[in-house]
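**Q** Take a look at the letters that make up each chain.
Number of protein chains: 2
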Amino acid sequence: MKVYLITIGDEILIGQIVDTNSAWMGQQLNLNGAHITGIMTVSDEAESIVQALEQGLRFADVILMTGGLGPTKDDVTKKVLAEFTGGRLSFHEPTYRRIERFFKQLGRQPTEAHRLQSYMPDNATLLTNPMGTAPGMWFEVDGKVIVSMPGVPYEMKALMQKEVLPRLKAQYPLERIAHRTLLTAGEGESRIAERIADLEDALPPHIKLAYLPNLGRVRLRLSSRGSQSDQYQDELEQWANRFKERVEDLLFGEEEDRLEAVVGQMLKARGLWLSTAESCTGGYLSHLITSIPGSSAYFLGGIVAYSNIVKQEKLGVRTATLETDGAVSEATVREMVAGTLQHFGGDIAVAVSGIAGPGGGTPEKPVGTIWLAVGDHNMTEAYLLKAGKDREKNIEYTGAHALNFIRRFLKKHYPASLANG
Amino acid sequence: MKVYLITIGDEILIGQIVDTNSAWMGQQLNLNGAHITGIMTVSDEAESIVQALEQGLRFADVILMTGGLGPTKDDVTKKVLAEFTGGRLSFHEPTYRRIERFFKQLGRQPTEAHRLQSYMPDNATLLTNPMGTAPGMWFEVDGKVIVSMPGVPYEMKALMQKEVLPRLKAQYPLERIAHRTLLTAGEGESRIAERIADLEDALPPHIKLAYLPNLGRVRLRLSSRGSQSDQYQDELEQWANRFKERVEDLLFGEEEDRLEAVVGQMLKARGLWLSTAESCTGGYLSHLITSIPGSSAYFLGGIVAYSNIVKQEKLGVRTATLETDGAVSEATVREMVAGTLQHFGGDIAVAVSGIAGPGGGTPEKPVGTIWLAVGDHNMTEAYLLKAGKDREKNIEYTGAHALNFIRRFLKKHYPASLANG
Numbered sequence: 001m002k003v004y005l006i007t008i009g010d011e012i013l014i015g016q017i018v019d020t021n022s023a024w025m026g027q028q029l030n031l032n033g034a035h036i037t038g039i040m041t042v043s044d045e046a047e048s049i050v051q052a053l054e055q056g057l058r059f060a061d062v063i064l065m066t067g068g069l070g071p072t073k074d075d076v077t078k079k080v081l082a083e084f085t086g087g088r089l090s091f092h093e094p095t096y097r098r099i100e101r102f103f104k105q106l107g108r109q110p111t112e113a114h115r116l117q118s119y120m121p122d123n124a125t126l127l128t129n130p131m132g133t134a135p136g137m138w139f140e141v142d143g144k145v146i147v148s149m150p151g152v153p154y155e156m157k158a159l160m161q162k163e164v165l166p167r168l169k170a171q172y173p174l175e176r177i178a179h180r181t182l183l184t185a186g187e188g189e190s191r192i193a194e195r196i197a198d199l200e201d202a203l204p205p206h207i208k209l210a211y212l213p214n215l216g217r218v219r220l221r222l223s224s225r226g227s228q229s230d231q232y233q234d235e236l237e238q239w240a241n242r243f244k245e246r247v248e249d250l251l252f253g254e255e256e257d258r259l260e261a262v263v264g265q266m267l268k269a270r271g272l273w274l275s276t277a278e279s280c281t282g283g284y285l286s287h288l289i290t291s292i293p294g295s296s297a298y299f300l301g302g303i304v305a306y307s308n309i310v311k312q313e314k315l316g317v318r319t320a321t322l323e324t325d326g327a328v329s330e331a332t333v334r335e336m337v338a339g340t341l342q343h344f345g346g347d348i349a350v351a352v353s354g355i356a357g358p359g360g361g362t363p364e365k366p367v368g369t370i371w372l373a374v375g376d377h378n379m380t381e382a383y384l385l386k387a388g389k390d391r392e393k394n395i396e397y398t399g400a401h402a403l404n405f406i407r408r409f410l411k412k413h414y415p416a417s418l419a420n421g
Numbered sequence: 001m002k003v004y005l006i007t008i009g010d011e012i013l014i015g016q017i018v019d020t021n022s023a024w025m026g027q028q029l030n031l032n033g034a035h036i037t038g039i040m041t042v043s044d045e046a047e048s049i050v051q052a053l054e055q056g057l058r059f060a061d062v063i064l065m066t067g068g069l070g071p072t073k074d075d076v077t078k079k080v081l082a083e084f085t086g087g088r089l090s091f092h093e094p095t096y097r098r099i100e101r102f103f104k105q106l107g108r109q110p111t112e113a114h115r116l117q118s119y120m121p122d123n124a125t126l127l128t129n130p131m132g133t134a135p136g137m138w139f140e141v142d143g144k145v146i147v148s149m150p151g152v153p154y155e156m157k158a159l160m161q162k163e164v165l166p167r168l169k170a171q172y173p174l175e176r177i178a179h180r181t182l183l184t185a186g187e188g189e190s191r192i193a194e195r196i197a198d199l200e201d202a203l204p205p206h207i208k209l210a211y212l213p214n215l216g217r218v219r220l221r222l223s224s225r226g227s228q229s230d231q232y233q234d235e236l237e238q239w240a241n242r243f244k245e246r247v248e249d250l251l252f253g254e255e256e257d258r259l260e261a262v263v264g265q266m267l268k269a270r271g272l273w274l275s276t277a278e279s280c281t282g283g284y285l286s287h288l289i290t291s292i293p294g295s296s297a298y299f300l301g302g303i304v305a306y307s308n309i310v311k312q313e314k315l316g317v318r319t320a321t322l323e324t325d326g327a328v329s330e331a332t333v334r335e336m337v338a339g340t341l342q343h344f345g346g347d348i349a350v351a352v353s354g355i356a357g358p359g360g361g362t363p364e365k366p367v368g369t370i371w372l373a374v375g376d377h378n379m380t381e382a383y384l385l386k387a388g389k390d391r392e393k394n395i396e397y398t399g400a401h402a403l404n405f406i407r408r409f410l411k412k413h414y415p416a417s418l419a420n421g
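As they're listed, the protein sequences go chains L and S. What the first sequence shows, in my numbering, is residues 1 to 421, in sequence order. What the second sequence shows, in my numbering, is residues 1 to 421, in sequence order.
These aren't lab readings, by the way, just hints derived from the structure by calculation. This structure is a prediction, so every number in the text was calculated from the model and none was measured.
Note that the list lumps identical chains together, so a pair holds whenever it fits in one copy or between two copies.
List time: in silico SDA-like cross-link candidates among lysine to any residue, alpha-carbon distance up to 20 Å: (1) K208 to G33; (2) K157 to L126; (3) K393 to T20; (4) K393 to G188; (5) K104 to G388; (6) K412 to R246; (7) K393 to E260; (8) K244 to A416; (9) K393 to R258; (10) K157 to I17; (11) K389 to V367; (12) K104 to G188; (13) K208 to A113; (14) K393 to S291; (15) K389 to Q109; (16) K389 to P358; (17) K393 to V367; (18) K208 to R219; (19) K162 to P358; (20) K104 to L116; (21) K268 to G360; (22) K386 to E100; (23) K144 to L57; (24) K104 to S190; (25) K208 to E45.
All chains, full assembly: derive it from the sequences and hints.
**A** Encoded structure:
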């Protein structure tokens, strides 16, 4: 199956928005064995959209469009699509009812713009949008498929997963492609490459290895093409196991596992309560932890000790420590762990203090110097992280490492056999 | 001047890399008055590149290409470009000397791949790449321009700024384009559209309005083409003012302002210290606040009161309140504000408690029910938010609204005249 992606929107042409939709769609389609032949962004004028559709049909069986849908009037997409595919717009009662219900739930009334939004091409199959008011539209023209989705990323993703991908898989014979993804944390791409160089060289030609690094984590993805038979599946599994053995100490999960969920599972299985104390990450770490549904079963709470006075008064960090060692120091994060355990009364605490930048660096402690500590009522372990110069990246990088340090602490001091026994 | 952007690379088609180059180039070109008619990404096969070039020439005077150059890529791009523009590849001594010098500086020897890299189309003007080994190439064909640059972002940026933009400006009479962007929070796209429908209808044809919605915020962008004279600039400013008056209560900033920075500026100007208490947002709100460099000048700290025990013990929420009204209630967030002010000793506190989902909803309090409160030592105002069903989106949506409620509270109870006086 050949697929062409079309993104509609002046805001992308002038660089006000980066087109992340196409990258996400490309990933999903590629994982499902589709071949993406091109990506095009055009303005939301009728002529441009028509030309993009013509181009797409030349090079693909399927066109997936995003953008150009929504309640305001600068949208011409629906009209163009109806005309291009030989249909016409007509008022669609069920869509209007859906919009009405959607707004009633929010305690609001739909507007005249929403009424106009309920005019749909009469030749389209409408795809339910669980996250918004504009449905997706599925057209079939001369044996080819054109799908139009809203440009809001979470709406597009929901439509892709619930409607578009299942329908495409049912309609097109996709090349079988199997993947196994190993998730590691704690080492960079090149270190890992060194460790597994001989295994990588020995891979058969139909199995490829990709390194996908992101903020202190590296995903290792093995892909096997043409894996129709069980024999191929077994072979891929065997290779995955060989790689797993090599990176066992770094491995925190597989496939779509999230580190914050893995840590959550570990805490829950062990019946431990976590609390956090954050300075430079400013709440980002507890945000990661609580982004997991059900995290209230193991997360008590956290304190964002942004000012020194909060570190002293709420977490009992000693004035002497702040004066001698400084707020960004091993001694401070160790005292923060002790204070957090006392403050919240839980079992495990993690503390972070660092210089996220851009200001606040010194020759001895440049921007990117981050201290972390993880501990329980018996022992505390501290770690020094040397991050970069970009504030936003430093915060995300530190959050990921903090989670990994909790994981390592639990693995070392609360082995699974004890938790299960 | 009409410009078409072409990006070459399989890694972008399969979503392994997000194409940020095009967004940056779009911004720069738009600021300089160029009109971007399309962006296309294709694979690094000869046929695809030729088709992209043909498409680009149909819709633009200038094609800017990135990617497909460099020592590890095969040199398809250069060969295709030479053939397409009527030239041929020949060994280019000065380029090889440059590469040799570049590597000597790094203490290394150029490889055979670098020798091959020194074959250049004989009809191209070569543009010096100050950041890498592959030069840019400038072709002129039938009065149109095709430029090829490496895909490495900092190499492309250096070439654009030092070579490509100055040459384009010298060669083409650029249309002037001006933008004014108004940033609003608190109402959706369609409500705003209703409010300003008559103004939008009255806009002259050379001024366009775009709605750019994102999580409770809507950007309104006015663009004026052909604004050569001061008269046009004044006209755009007058229209911007008319729109501003209409959405005055929703307006939190202009152009690139961020709501978290605007709130920070307001607190700083008034000499007020903020603290936060978060339940369902789990640290996301304090993360937004502390994502701004210098936020330690007005943000004391926050507490993530994820469990009821923390709400009771640290924030003094009464057991009776939790039992009668529940953790997600106006009474609870009001008590949380009082408790937070006491806990941290600051001037302004914000509290959030809600059901982010997917679990925890009831018929009376479905998922998406969020209570917020903002207060100082004299008064507290509470707000009920009805969000959707998606946990991640609800957290981000609530964070944005919380910031906007702080802004409104400050605007109402701490008017700027007092802050300045």
